[in-house]
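**Student:** Chain G: place on chain Y using the hints.
Listed below, chain by chain, are the residues.
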Amino acid sequence: MNSLLRGLVLRHSGRWLLGAGPWSSVLSSRLILGLLLQAILDTLAGRAHSYLGVTTLIVLVLGVELARVGVQFPGIIGHVEPQLEYRSSTLLRMNVLRAIFSHPGARAFGLSQGEAISRLGTDIDELGNFMIWSPTNVGRVLLGGVALVIMLHVDTVVTLGVAVPLAVVIALSRLAAARVVAYRRASRQAAGQVSGALGEIIGAVQAIKVAGAEDRVTGHIRRLGLARRRAAVAEQLFTSLHYALNSGVVSVGTGLVLLLAASSMRAGRFTVGDLALFLSYLQMLADIMAMLGLLLVRMRRAEVSMERLAELVGEPRKALLERPAAQPTPVPGGTSDRFEVVDVRGLTCRHGGGLGIAGVNFTLRRGSMTVVTGRVGSGKTTLLRSLLGLLPLETGSVRWNGVVVADLASFMVPPRCAYVPQAPRLFSATIRENILMGLELNGDEVATAVQRAMMEPDLASMTAGVNTVIGPRGVRLSGGQVHRVAAARAFVRRPDLLVVDDLSSALDVDTEGLLWDRVLSDPGLTVLAVSHRPPALRRADLVLVLAHGQVQAQGTLSELLRCSSEMQELWRIQGNRH
Amino acid sequence: MQVFHASVRDNVTFWDPAVSDDRLLLALHALGLGAWYQSLQDGLDTVIGAGGRGLSAGEAQLLAFIRVFLRDPGLVVLDEATSRLDPLTERVIETSTDRLLSGRTAVVVAHRLRTLSKVDKVLALADGRAVELGRRTELEASPTSELSRLLAATEMPV
Numbered sequence: 062m063n064s065l066l067r068g069l070v071l072r073h074s075g076r077w078l079l080g081a082g083p084w085s086s087v088l089s090s091r092l093i094l095g096l097l098l099q100a101i102l103d104t105l106a107g108r109a110h111s112y113l114g115v116t117t118l119i120v121l122v123l124g125v126e127l128a129r130v131g132v133q134f135p136g137i138i139g140h141v142e143p144q145l146e147y148r149s150s151t152l153l154r155m156n157v158l159r160a161i162f163s164h165p166g167a168r169a170f171g172l173s174q175g176e177a178i179s180r181l182g183t184d185i186d187e188l189g190n191f192m193i194w195s196p197t198n199v200g201r202v203l204l205g206g207v208a209l210v211i212m213l214h215v216d217t218v219v220t221l222g223v224a225v226p227l228a229v230v231i232a233l234s235r236l237a238a239a240r241v242v243a244y245r246r247a248s249r250q251a252a253g254q255v256s257g258a259l260g261e262i263i264g265a266v267q268a269i270k271v272a273g274a275e276d277r278v279t280g281h282i283r284r285l286g287l288a289r290r291r292a293a294v295a296e297q298l299f300t301s302l303h304y305a306l307n308s309g310v311v312s313v314g315t316g317l318v319l320l321l322a323a324s325s326m327r328a329g330r331f332t333v334g335d336l337a338l339f340l341s342y343l344q345m346l347a348d349i350m351a352m353l354g355l356l357l358v359r360m361r362r363a364e365v366s367m368e369r370l371a372e373l374v375g376e377p378r379k380a381l382l383e384r385p386a387a388q389p390t391p392v393p394g395g396t397s398d399r400f401e402v403v404d405v406r407g408l409t410c411r412h413g414g415g416l417g418i419a420g421v422n423f424t425l426r427r428g429s430m431t432v433v434t435g436r437v438g439s440g441k442t443t444l445l446r447s448l449l450g451l452l453p454l455e456t457g458s459v460r461w462n463g464v465v466v467a468d469l470a471s472f473m474v475p476p477r478c479a480y481v482p483q484a485p486r487l488f489s490a491t492i493r494e495n496i497l498m499g500l501e502l503n504g505d506e507v508a509t510a511v512q513r514a515m516m517e518p519d520l521a522s523m524t525a526g527v528n529t530v531i532g533p534r535g536v537r538l539s540g541g542q543v544h545r546v547a548a549a550r551a552f553v554r555r556p557d558l559l560v561v562d563d564l565s566s567a568l569d570v571d572t573e574g575l576l577w578d579r580v581l582s583d584p585g586l587t588v589l590a591v592s593h594r595p596p597a598l599r600r601a602d603l604v605l606v607l608a609h610g611q612v613q614a615q616g617t618l619s620e621l622l623r624c625s626s627e628m629q630e631l632w633r634i635q636g637n638r639h
Numbered sequence: 013m014q015v016f017h018a019s020v021r022d023n024v025t026f027w028d029p030a031v032s033d034d035r036l037l038l039a040l041h042a043l044g045l046g047a048w049y050q051s052l053q054d055g056l057d058t059v060i061g062a063g064g065r066g067l068s069a070g071e072a073q074l075l076a077f078i079r080v081f082l083r084d085p086g087l088v089v090l091d092e093a094t095s096r097l098d099p100l101t102e103r104v105i106e107t108s109t110d111r112l113l114s115g116r117t118a119v120v121v122a123h124r125l126r127t128l129s130k131v132d133k134v135l136a137l138a139d140g141r142a143v144e145l146g147r148r149t150e151l152e153a154s155p156t157s158e159l160s161r162l163l164a165a166t167e168m169p170v
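Protein chains in written order, with the working numbering: chain Y, 62 to 639; chain G, 13 to 170.
Note that these hints are calculated values from the structure, not bench results. This structure is a prediction, so every number in the text was calculated from the model and none was measured. No residue lacks a Cβ here, since even glycine has one placed at the ideal position from N, Cα and C. Treat the hints with care, as some may be off.
Stated by the list, open to error - Far from chain Y, by Cβ distances over 10 angstroms, these chain G residues were calculated:
1) 56
2) 61
3) 79
4) 116
5) 117
6) 131
7) 135
8) 157
To be verified - Under 7 angstroms between C-beta atoms, here's a sample of chain Y residues computed to sit facing chain G:
9) 173
10) 260
11) 265
12) 268
13) 270
14) 272
15) 275
16) 278
17) 279
The following block holds chain Y by itself, in its conformation from the complex (with noise of 0.2 angstroms):
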């Protein structure tokens, strides 16, 4: 067993135990009535003298019978066993969600989403699966060691005629061990690739029809299923195969053990009560047999999910295992604390493209409006996102009325910091719970957000106003109305900082200059935009033109127009049209 399942049944122990516990008297019920068998049958073929009579052993196999009922059924599967896997898969998807989100936000996934909710879904029920089948299954191995002594104090001989099986396999199950977890991994994998395909065809439906690809994709999705069919397959083939070697091995062996009987019997030293003990514990010896194949099996493919809810996780591994937090941890500092000035120096971040921001110093001070501006892959997006913690920082500081912010990620947040990203995202809710994402404010707080964000004609013509259920991601408004949502998402959280990642393009020009109206009207307020356009460029107190990732020049608009070549470009082809 690896380091991370033994962590996962260790941080259970206690409801494990208590699995196995409970699990060992119902099967140790069996180990009774063989004995009991035993003592009636030879009582009544009077090889043996019992204390109590046949009536009463008769009676004890009652009471024995309706014991075990009364532990299994409301205890054990009652009880312990929905509490362990629940428990357990609860602990695993709580810690895989907690990594997920503080990982730097936009480098949340190395996977596609489609794998990520597999591996949330599937292989953490394997686990939860695997947390109530196990302690069963050690409880029987327990057990049969048990039978084993009690077989070999009635006959030697005949005893060690099982242990031939046994050991057999035990060796299958080494010799399969390496296969078992192959066979697990591509199965899982090709899973993945089918569920992450389809989640994101789902999300591309009107690409895929557009481009009239509609069979391509469908195509696509077929070699994913079939290569999915053959791994699952081969998977279960193997599992098969291996259940029926073992199956096998243990009837031969039941076989031998009979036969051995039969001579020891004609030798008279071994009774029908001997005889009936013997089957009934080799009965309950085969199914431990080609159980225990099964559990070194079923432990493999654990390993197999935990591994990959590790990589999830990313690093510390350990992080899977922790303990849930009573509270939530408390965004760092007060709001007390008035915004007056963010100091950026030397910012750097770069992709593994070489694309990114190196060296980048600006200042921010309240009530300023600062607008990035440059060519595509110029780095903008990178700027704003590593200054909001999205991205992880390679060098360079930032400070919050003069205190460097130690963790970004969960520093520039509301109500300091808003932020509307280019692309952004809607939940398939109605517009108003998409903006208030789980704030509880009042409608006017609703509304003067929905009217900075100029979405009053929108809103005009929805017949639910702010209570229109706008399908699966947004899909029934435009951009336009999607940029509009997180614009006011971010207002209704009265940022001391608001950072636009390129609003004004999903406006048409005679709303974007309104917008950057009515969103200064606000003193107090501090704007970082990414903007091209004359609107927000006219009216930024400071520009930066970016070029290569870095901070070519900045200044006014007018003070650039004179002397920034790059702003002069920019502004010329812009300007020239028309």
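**Tutor:** Showing chain G alone in chain Y's frame:
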């Protein structure tokens, strides 16, 4: 614009093996994406989208153009296709757009007025109704037209 967690090739061909790499590279270069293509670590096999190489919104839009380019359709509908590009990239696209639209019928949905400079006719919509339809040159010449009003409202330096 939707990007799949797949290679650049599969993203633009939608997993069509019949599209040759030569044809793809021609389209890439025609769209002025040569430099971008050089920056891809594994060329056309570079995995983009969720978990792969990130794309800027501008790059994603350029990718959408390649998709259209490869389809070689008779009718092209452009819906604010240049709305997220900076002026310089837009100029690159414009050249390619000209090539794409020549000999084809195009319907362009635009809220950016300079996209209009190439069109023959303009249909103005307000509250879901057509309020004006006519030849662009005539509407521009008429001071009372909706188009003239919109043009006048544009904040453009001389």
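**Student:** All hints, please: hold or fail.
**Tutor:** A quick look at each hint next to the structure:
For residue 56 of chain G, the requirement that its beta carbon stay farther than 10 angstroms from each beta carbon of chain Y is met, with the minimum near 15 angstroms. A beta-carbon of chain Y is positioned within 10 angstroms of the beta-carbon of residue 61 of chain G; the least distance is around 8 angstroms. With a least CB separation of 6 angstroms from chain Y, residue 79 of chain G falls inside the 10 angstroms interface cut-off, contrary to its annotation. A cut-off of 10 angstroms between C-beta atoms confirms that residue 116 of chain G is not in contact with chain Y; the least separation is 15 angstroms.
For residue 117 of chain G, the shortest C-beta to C-beta distance to chain Y comes to about 16 angstroms, beyond the 10 angstroms cut-off, and the non-interface label holds. Taking the minimum C-beta to C-beta distance to chain Y, about 13 angstroms, the non-interface status of residue 131 of chain G holds against the 10 angstroms cut. For residue 135 of chain G, the condition that its CB be more than 10 angstroms from all CB atoms of chain Y holds, with the nearest at approximately 15 angstroms. With 10 angstroms as the threshold on Cβ separation, the claim that residue 157 of chain G sits away from chain Y holds: the shortest Cβ distance comes to roughly 15 angstroms.
The criterion of a C-beta within 7 angstroms of any C-beta in chain G is met by residue 173 of chain Y, whose closest approach is roughly 4 angstroms, and the hint holds. Hint status for residue 260 of chain Y relative to chain G: violated, with the closest Cβ pair at about 9 angstroms, above 7 angstroms. For residue 265 of chain Y, the shortest C-beta to C-beta distance to chain G is roughly 4 angstroms, which falls under 7 angstroms, so the interface hint holds. Taking 7 angstroms as the C-beta cut-off, the interface hint given for residue 268 of chain Y holds, the closest approach to chain G being about 4 angstroms.
The interface hint given for residue 270 of chain Y is violated, since its Cβ lies 11 angstroms from the closest Cβ of chain G, which is over the 7 angstroms cut-off. For residue 272 of chain Y, the interface hint holds, the least distance from its beta-carbon to any beta-carbon of chain G being 6 angstroms, beneath 7 angstroms. Annotation: interface hint on residue 275 of chain Y violated; nearest CB of chain G at approximately 9 angstroms, more than 7 angstroms. Checking residue 278 of chain Y against chain G: minimum C-beta separation of about 6 angstroms stays under 7 angstroms; hint holds.
Among the interface hints, the one on residue 279 of chain Y is violated; its C-beta lies about 10 angstroms from the nearest C-beta in chain G, farther than the 7 angstroms criterion.
Checked against the numbered hints above, the structure violates hints 2, 3, 10, 13, 15 and 17; every other hint is satisfied.
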